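Given the structure of chain A, go ahead and fit chain B onto it with the hints provided.
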Amino acid sequence: DSGVTQTPKHLITATGQRVTLRCSPRSGDLSVYWYQQSLDQGLQFLIQYYNGEERAKGNILERFSAQQFPDLHSELNLSSLELGDSALYFCASSPTGENTGELFFGEGSRLTVL
Amino acid sequence: AQTVTQSQPEMSVQEAETVTLSCTYDTSESDYYLFWYKQPPSRQMILVIRQEAYKQQNATENRFSVNFQKAAKSFSLKISDSQLGDAAMYFCAYRSALYGKLTFGQGTILTVHP
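Those protein sequence lines, which keep their order, are chains A and B. Position 59, counted from 1, in the first sequence is what the working numbering calls 59; the numbers after and before it change by one each time, with no gaps. Position 21, counted from 1, in the second sequence is what the working numbering calls 21; the numbers after and before it change by one each time, with no gaps.
Isolated chain A (complex conformation):
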């Protein structure tokens, strides 16, 4: 158990819909990262938040948005969903006083768009 919690684990929805994925980082971790893994693909970095502020942005579509709340949990919002958005979405967090460089991953949220 990495200590990072993601909900829901599975989600099935239709094209054109909007969904919200939730992530609770490890206790005390200020940084949250979102990644997308499409079928049999590598992990693509979407966005990073640090203590409520956007820190870095990767290949995130304009239809997607994210935020980090004062309690440090984060949400990834996906709207106007397309078939190609079907993927596994990972959240990860990293310690504030880093000394290992490691990111801790949640178990992912599997999104299926029909």
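Be aware that one or more of the hints could be misleading.
Cut-off 25 Å, straight-line C-alpha distance, at most; resulting in silico cross-link-like pairs (SDA-like, lysine to any residue) [said to hold, decoys possible]:
{"no.": "1", "chain 1": "A", "residue 1": "K57", "chain 2": "B", "residue 2": "T3"}
{"no.": "2", "chain 1": "B", "residue 1": "K70", "chain 2": "A", "residue 2": "E102"}
{"no.": "3", "chain 1": "A", "residue 1": "K9", "chain 2": "B", "residue 2": "T3"}
Derived Cβ-Cβ restraints for the label pairs, each shown as a range [said to hold, decoys possible]:
{"no.": "4", "chain 1": "B", "residue 1": "S80", "chain 2": "A", "residue 2": "G16", "range": "47 to 55 Å"}
{"no.": "5", "chain 1": "B", "residue 1": "P9", "chain 2": "A", "residue 2": "D1", "range": "24 to 32 Å"}
{"no.": "6", "chain 1": "B", "residue 1": "S12", "chain 2": "A", "residue 2": "D71", "range": "17 to 25 Å"}
{"no.": "7", "chain 1": "B", "residue 1": "A72", "chain 2": "A", "residue 2": "Q17", "range": "44 to 52 Å"}
{"no.": "8", "chain 1": "B", "residue 1": "S30", "chain 2": "A", "residue 2": "S27", "range": "28 to 36 Å"}
{"no.": "9", "chain 1": "B", "residue 1": "K55", "chain 2": "A", "residue 2": "T13", "range": "45 to 53 Å"}
Covered stretches of chain B, going by a simulated chain A footprint (3 or more residues, C-beta under 8 Å) [what the hints assert, rightly or not]:
{"no.": "10", "stretch": "46 to 60"}
{"no.": "11", "stretch": "74 to 82"}
In short, the hints are calculated from the structure, not lab data. Just so we're clear, the structure is a prediction, and the values are computed from it rather than from any experiment. Glycine included, C-beta positions come from ideal geometry on N, C-alpha and C.
Okay, now just chain B, sitting in the frame of chain A:
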């Protein structure tokens, strides 16, 4: 921007034998971290081994070891005495010592034959 390349989409090994997975990366930084992550069919991301670039000694974790060649920007993973449970997708990843995101390679699917 940093890039990570895994040139072996698939590898196979006999149980109890040794296999080496290759990874190269490109960076202009001198201080960074390198990782190997394992992703079994459950899709969970599991850290296998970690290497700090400033350390010349190659990291070892039980049956897993790396060959880190900083000048060549090469970071291979050797799995000794392969077990059926080692079958998974393996990802090589890079992270700057300034922290921020992990950059992943495309992954290598490892099959272990009994």
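Hints, verified against the model:
1. A:K57 <-> B:T3: Between K57 (chain A) and T3 (chain B) the Cα gap is close to 16 Å, so the pair holds against 25 Å.
2. B:K70 <-> A:E102: Distance of about 19 Å is within 25 Å: holds.
3. A:K9 <-> B:T3: Violated. K9 (chain A) to T3 (chain B) sits at ~30 Å, over the 25 Å cutoff.
4. B:S80 <-> A:G16: 47 to 55 Å: 51 Å, holds
5. B:P9 <-> A:D1: 24 to 32 Å: For P9 (chain B) and D1 (chain A) the Cβ distance comes to about 31 Å; the hint holds.
6. B:S12 <-> A:D71: 17 to 25 Å: 46 Å, violated
7. B:A72 <-> A:Q17: 44 to 52 Å: Hint holds: Cβ distance 48 Å, inside 44 to 52 Å.
8. B:S30 <-> A:S27: 28 to 36 Å: Hint holds: Cβ distance 33 Å, inside 28 to 36 Å.
9. B:K55 <-> A:T13: 45 to 53 Å: 46 Å, holds
10. 46 to 60: holds (count 3)
11. 74 to 82: Check failed, 0 qualifying residues.
The structure fails to meet hints 3, 6, 11 from the earlier list, while all remaining hints are met.
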